[in-house]
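Engineer: Protein chains in written order, with numbering that gives the first Met the number 0: chain A, 0 to 224; chain B, 0 to 459.
Quick list of in silico lysine to aspartate or glutamate cross-link-like pairs, DMTMM-like style, CA-CA up to 20 Å:
no., chain 1, residue 1, chain 2, residue 2
1, A, Lys220, B, Glu357
2, B, Lys99, A, Asp146
3, B, Lys456, B, Asp328
4, A, Lys192, B, Glu96
5, A, Lys192, B, Glu60
6, A, Lys218, B, Glu318
7, B, Lys276, B, Glu264
8, B, Lys324, B, Glu450
Short, incomplete list of chain A residues facing chain B, as computed with Cβ under 8 Å:
no., residue
9, Ala136
10, Glu137
11, Val138
12, Leu141
Label-pair distances were calculated between CB atoms; the ranges are:
no., chain 1, residue 1, chain 2, residue 2, range
13, A, Gln92, B, Gln404, 49 to 59 Å
14, B, Lys14, A, Ile18, 53 to 63 Å
15, A, Ser110, B, Thr302, 51 to 61 Å
16, A, Thr41, B, Asp41, 31 to 41 Å
No lab work stands behind these hints: they were computed from the structure.
Cβ coordinates follow ideal geometry from the N, Cα and C atoms, glycine included.
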Amino acid sequence: MYEFLTGPAAIAASGIFFIGLIVRVIFYIRGLHWQMDRVTYTVNVSYGIKGALRSVIAWIFPFGSVGWRAKPGITFMFFIFHFGLLFTPLFLQAHNFLLKERWGFSLWTISDPAADLLTILTLVAAFFLVLRRIALAEVRILTSVYDYVLLAVTVAPFLTGLLAFHQVWNYHFWLMAHIICGEIMLICIPFTKLSHIVLFFCSRVQLGMDFGIKRGGMKGKGFAW
Amino acid sequence: MAEGKLCNRKTVDTKEYLNALLADKSGKQYYKEMEELDVDTDKLRTTLKASLKSRLRTWLEICAHCGMCADSCFLYLANNRDPEQVPSFKIQSTLGEIVKRKGNVDNKFMRMVMDTAWSKCTCCSRCGSFCPFGIDMGIMFGYLRGLCFSQGFVPWELKIGTGMHRIFRAQMDITSEDWVDTCEWMAEEYEDDWPGLAIPVDKVNADIMYTLNAREPKHYPEDIAEAAILFHLAGENWTVPSEGWEQTNLAMFAGDWAACKMQVESVYDAMNRLKPKRMVGTECGHAHRSTVIEGPYWAGLETGKTPVKSIHYVEWVAEALRTGKLKIDPAKKIKEPVTYQDSCNYIRNGGLKDISREIMSYIAEDFREMSPNREHNFCCGGGGGFNGIGRYRQQRNAGLQIKRQQILDTGAKLVISPCHNCWDAIRDMEEVFKDGIRWSFLKPLLINMVEVPEHLKPED
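For reference, chain A alone in the conformation it holds in the complex:
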């Protein structure tokens, strides 16, 4: 079971994840249309690049944009959540050990206590995001079961991983659950709003180009996100 999940199943899930995301980006770019979108993507490109960089950089760092600064509490939670989601699995020792064993390479790693802390912070942030969805009327009206299911899909690998690592109750059970949940998450990403893992960049670049080329970027200093 373990061999299957970390072998063929992992390859399939990773394949769907990577190929799926590449396809999403290709389809996004192919679907851009200078006249429909009203942005000359290929004329005044330097302004487009400048606008795109401004747009991405302002929003990729905590408190980098007026929008992030307007909501410091949420911003803090969002960034903790996303930082944990991204860095924990990538730099976890156990994952890199597996990588080395199966693929012959590994990344830089963080210590287990650091990974523990990041995981717990991610789960706490997720808990607050759920609370926020329930508590605030302006978020509640946008929320459906879909949002909770995807949040569950996203945090499940972290919760199961934490339980497995600390060998709560049955190590083997949690390990299997962890791997299955991780693979489900990878498979879900390209097909759901979780595709924002890449489409965030596409959308921000597009809007940045829009403002950079057409909506004022060629006049003055550019949009102060």
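Please build the complex by placing chain B on the supplied structure of chain A, with the hints as guidance.
Structural biologist: Just chain B now, with coordinates in the frame of chain A:
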């Protein structure tokens, strides 16, 4: 498929149809017919397939439902934080549903969509600057208005407005003759006070071709005279075209893209015919947005630029003051506290925030910024056609409260508003709330402030 006599999917291309619409007071019959208007679901599905490209599809799909856009919307704030005014909800429950149902929607749904598209969004795009993903709901509502228009679900005034553009190439029924007569009349009226004043029509190779808003010749022609006086004082070699002089575009508010193209092409034709060095537009936000920013795309100009360089009036004013073409008499600068209304269409969506501040630095001694300001300023409350639609007057008036509070917080009683829509909204705000706020375009203020060279003064 049921269509009304007045409310239907046809465009207004004849005077007969236009007059029939105008005769229908407040659109009573029009809106009654709308209740029976069938949705052409096949057409809707085909239109979606052809025009809903990856940008909009992605925006609808990846929205994280985080609600970060809520506070960015002045209509959400003005309506006691009604969750149904959250931008994301507004677009997901309209365009999102149409896409989900592949265009299979009914009359009642489309009427709700129309009411949402024109009374719950002014397409100011402020939400787009607060969404972490850069989802610009102003753009999406613009697209949605196009879908509504193609199905005949459009507010009565905008059906008329876009018809005016189709027939007269102006938002009001002004013919080329009316327009040229008005220019002659204004030049005669003011030439005693301003010796040598002229409004040159159809002059070829001028430095400036001036375009404006049909309301100026129709309702306050003195605005044309003021523009002429300032060009005259600045020593500009300028002209107006006899055709293609209308810079505004109600078709953009209506979502009538074919009429948008017709309208901007009339101005571009004038540029090609008269070959001016550049075009200067009047103090209007949406006119600049439609003719200078979006227009080249409707007209299929692959450079994304107008045939000759085109600028907003504030850019010309800043340049004239900077270079000394116009000189302000220091004793006549505005002494009282004064604030500036950042129009969404040429500030947030046109990048002219610094130019506006430069002008204020030349003319005002106590300039007070609204908060927030520049690209993050709130819509005046009447943009995107909101001002002109009787059906939504109550909602428009409710929406004015945010701008009113912004103005009151500055402590200034004078608001400079180089945008027709903002100007109207602030005028109506004063009518409703009676705060003693005054509002003005730049032109009349500048005429009272500029130094008049000796040789241009009247002999008396």
